[in-house]
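Heads up: the protein sequence lines correspond to chains A and B, in order. All residue numbers for the first sequence refer to the working numbering, where the first residue is 1 and numbers rise by one. All residue numbers for the second sequence refer to the working numbering, where the first residue is 1 and numbers rise by one.
I should point out that these hints are in silico values taken from the structure, not numbers from a laboratory. Using N, Cα and C, we set each Cβ at its ideal position, and we do this for glycine too. Treat the hints with care, since some could be wrong.
[Claimed, not checked] The calculated label-pair distances, taken between Cβ atoms and stated as ranges, are:
1) A/M183 to B/S240: 31 to 39 angstroms
2) A/F81 to B/T170: 48 to 56 angstroms
3) A/E254 to B/N134: 42 to 50 angstroms
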Amino acid sequence: MIPSLTVALLLGVARAEDGESPPAETSETGEAEGSEEDVLSRHRAPFDVLVEQAIGTTSVPVEYNWRRTKVQVAATGNHYFELNNFNTLRAGGMVRLPSDSMIFEVHVSRVWVWDTPSSELLAFTPYRQPGRPSRMELDVTVGVPLAEGVVTVFPRWFPAVQMVLNAYGGLRYLLYPSGFSGMRVRDIGSAVLTPTLSATELANIDETRLDAMQIDPARYGLMAGMGNDFYFRQGVFISPRAMFALPILAPATETNLLFWADFSLAVGVAF
Amino acid sequence: MRLRALAAAAALALVGPSCAKVPIFDVGAGFSLADAAWFAGEETLFVFYEVQAEQGIGEPSIIEITYVTDEEVVDWTELSTFEAVHTHLPVDCGVNALCGSASIHIPDEPRDVELRLRYHRDGELSLDAGTVFNIIDEGEPYSHRSFIVYGVFDAANQRVQWRGRHQFPTLRNEQAEEYGLRRSFSVEDQRHGTTPLTSTVNPYGYGIDCPKNFTATDLETVQTDERAIFSTADLPIDASASAMVCATSTVTDATGTFTTSALAQKNPEVSPAYDVLRSPVKDATPVRFFLEPCDRVISAEHEEMQRQRLLMGSQSTCIDDWEADNFVETLTAELTDAIEAERVNGNDMVLVIGLHQDEYGVSEAVEAALEQIVPEERHRSSPRLAGAFVFDSVARGIEISSLSSSTLWCPAELPTTLDTGTINASVLTCAILADNPELELGPLSFSSLPILTSRDHYLRFIDEYSKSQAGSVQSLSFRTPEFSTTSAHADVGPFGVVSFLDEEIFSADARDAFSYCVQDEMQYFVFRTPLMQTDIFLDLIEDKCEFLGLPDQVCDSLELGVLPIEMLSEWHSLFGEGTYELGILWDFPFLLRMEYEAVSAGSASLFGLSVPFGFSDSSETYYGTQMWTEEAFSLEEILTQCHRFCDHPTFYSAGVYHVTDLFRTTYASSCYQPDYPVLGDSGFPRDP
Chain A
1 MIPSLTVALL
11 LGVARAEDGE
21 SPPAETSETG
31 EAEGSEEDVL
41 SRHRAPFDVL
51 VEQAIGTTSV
61 PVEYNWRRTK
71 VQVAATGNHY
81 FELNNFNTLR
91 AGGMVRLPSD
101 SMIFEVHVSR
111 VWVWDTPSSE
121 LLAFTPYRQP
131 GRPSRMELDV
141 TVGVPLAEGV
151 VTVFPRWFPA
161 VQMVLNAYGG
171 LRYLLYPSGF
181 SGMRVRDIGS
191 AVLTPTLSAT
201 ELANIDETRL
211 DAMQIDPARY
221 GLMAGMGNDF
231 YFRQGVFISP
241 RAMFALPILA
251 PATETNLLFW
261 ADFSLAVGVA
271 F
Chain B
1 MRLRALAAAA
11 ALALVGPSCA
21 KVPIFDVGAG
31 FSLADAAWFA
41 GEETLFVFYE
51 VQAEQGIGEP
61 SIIEITYVTD
71 EEVVDWTELS
81 TFEAVHTHLP
91 VDCGVNALCG
101 SASIHIPDEP
111 RDVELRLRYH
121 RDGELSLDAG
131 TVFNIIDEGE
141 PYSHRSFIVY
151 GVFDAANQRV
161 QWRGRHQFPT
171 LRNEQAEEYG
181 LRRSFSVEDQ
191 RHGTTPLTST
201 VNPYGYGIDC
211 PKNFTATDLE
221 TVQTDERAIF
231 STADLPIDAS
241 ASAMVCATST
251 VTDATGTFTT
261 SALAQKNPEV
271 SPAYDVLRSP
281 VKDATPVRFF
291 LEPCDRVISA
301 EHEEMQRQRL
311 LMGSQSTCID
321 DWEADNFVET
331 LTAELTDAIE
341 AERVNGNDMV
351 LVIGLHQDEY
361 GVSEAVEAAL
371 EQIVPEERHR
381 SSPRLAGAFV
391 FDSVARGIEI
401 SSLSSSTLWC
411 PAELPTTLDT
421 GTINASVLTC
431 AILADNPELE
441 LGPLSFSSLP
451 ILTSRDHYLR
461 FIDEYSKSQA
471 GSVQSLSFRT
481 PEFSTTSAHA
491 DVGPFGVVSF
501 LDEEIFSADA
511 RDAFSYCVQD
521 EMQYFVFRTP
531 LMQTDIFLDL
541 IEDKCEFLGL
551 PDQVCDSLEL
561 GVLPIEMLSE
571 WHSLFGEGTY
581 ELGILWDFPF
591 LLRMEYEAVS
601 AGSASLFGLS
611 VPFGFSDSSE
621 TYYGTQMWTE
631 EAFSLEEILT
641 QCHRFCDHPT
651 FYSAGVYHVT
661 DLFRTTYASS
671 CYQPDYPVLG
681 DSGFPRDP
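Hey, can you work out the whole structure from these sequences and the hints?
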């Protein structure tokens, strides 16, 4: 911010030397302090105005320039908020590739699903609820920085960090490791792009479903959300995020899980 | 602002309903099978079940049973907790199904047997089944036990495959296997002999004591938990004539073991009755004559066309004196001389005559001359004159009926509905329309000319279109069967003939049985027997056939002393004759094969000028049936003969052993193409 402010001040001096009429100089209370001071007063501006002008024109962050990093790796942990009776947690890794205007991400994660007392009781009945068994997930995500800047943190002795507010959108692909067993390579090749699991895959993963679960047939879905990146000067970053499922593909994927959320935290290092 | 508000509303409309909780769904379970059967002789209750659901049936769901006897009340109990009498394999019925079987030792007769599905072994909710329950009291083993043992033979009738077969009131053999039931059985003390042991109520012969006169073998005991197992070795050579093998079989049940006899019947010994009939058809030599008046010219263009069609040179036989009293005799002598001159070359012959004439009576005279030669010659042994082919100048046909079975007279007039009695080969093959059909489109007209047409047609055609569009014959050849000195012939219908060529005979025992396999195409084979040739039989048929209830066609055929081969198996079952002679039915004495170029002619007429044009096309015509082109006729799959064990059951083409379908009665008029078991087959043969 300092170099920018300096530039702004220099620009103001330059405009004064060009003979532009300076603003009336004011005291701290805003009153005029004499004719000599009136000559300078027209060059004066409030500090917050100068700061805002400087932020508005800056193009690079100050505390940590994440755009200049080549790659970022992080460990991630997610908690799913599905509107059914099963518990879901996710853990995995993420690779990020920054650019000037956005950041690309690839996630590989393991998802664990287990019963709740409610789903255990549901299994005693002739009713089942859509859900998804434990699995692997592959995410391809694009993040767009919406706002960024240097922020101080609590406690005060902790150094300031670079904060970036990102909007995210991406595709989440569900991969059931046992789903393709017994299938020919050609059948697998044709199955991986279809939006729903095939009957063979459903039969293969039936053993992994929970007793009260009706396997949701969707193979992939779209996600959107918001999240912050906090970069420390050393390159370490923390990235909390909230993602939401978009039911745009539901007619094709035949999913019964239309809306659900995924809160995650990533901790990583930028190189 | 308004656009933003609309976008926000649309987003809410999309997301709003999506935010609802995920619903729960009924699994939609239902029993598709809930059968139980108690066998008193085995003290065993067999249970078979299958539950289908829309989703979500799995390992936590269980099947429970309840029943009552005079000694105990068994409340709902998980089926798998009972000790199984027999082996029951876990069955995979699919993701959304639960199925299997069980066998429970219950000494006393049970009642109120019910099955139900408990959705979860730890839950309280269940689904009752409409259970089907049957009781089979003690009785004959073949009908009152749940499992019988029988044997079948391989293709060589040398090795026995012993098989087990489930017998349940509501399930078939393979169904019981599919629900996981496995039975153990063993076979020992195999003996061979020939004594009828089976009956209509016990076609497998299970549980009938082996006759003491059966000869023991040293074959080892075999045992299996599958449904079939081969004996460890072939039967000894001295068992070749034996019709069956009887053995001691043992099966397990809740009381221990049950031992009784089991039977293996040999397959019918079947072979082709007659493998191949070699075709005696060979190329015949045409003996050509062109008959025309030498003192005048009728039509040079027509004569040229006739000579071209018959591929004749310029030689002619004058018929100016056709009205002379001795014309027929003279012509007959000329034809005979030519035939005798050619006969020395050893080939069969066909008389080819071009008849260029325009007077009424000439054709009749030529017919009369041919009548003197052709009918008498055609049934001779080779070399002989097989027949005659006459290309006349007018559409006429044959008037002397005795010639119609040996002479092709072209062109002929199309018969009318009133002429059914005069239809012969000439009419069928050479008939032309009264006028050339012509298609006219404005100034254009199109037509085509039959390759063997009359003078009127031809002259009118070339006047309209041109000579070059009348077509031309490229080749002309004749084929005819070569008859040996022992050949015998009989005329069939107006122009067919049956030939018994040269001792195409096969023999049969009275106990033999035949199978005729119906073919898609008509078969030109007949047979005759010594009985058919006797005067008594022929007289009987001539006088009394219609009273025997036989179809007219059969009576007509029997009057000739022959029958179509389709009827051989029935004939043998009625009369059991020992000798059968095969013959071939020819639909004409010779085959005329003509390759020619036909032209679709057209002409454009404008201002009195006619410009002919046409499109040529090579064609080939058989004046006769195409069976003449075959070099051999295979009877291997058409007629099969059973020499031994003809009253035994046998296998179908799908490999299924049909114990109630005996060869003699089942395959008389259907194809016999059995698929026998072979060593190395699965232990679960197809046996519905």
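Verification of the hints:
1. A/M183 to B/S240: 31 to 39 angstroms: violated (53 angstroms)
2. A/F81 to B/T170: 48 to 56 angstroms: holds (52 angstroms)
3. A/E254 to B/N134: 42 to 50 angstroms: For B/N134 against A/E254, whose Cβ atoms are near 44 angstroms apart, the range 42 to 50 angstroms holds.
In the structure shown, a violation is registered for the earlier hint numbered 1 alone.
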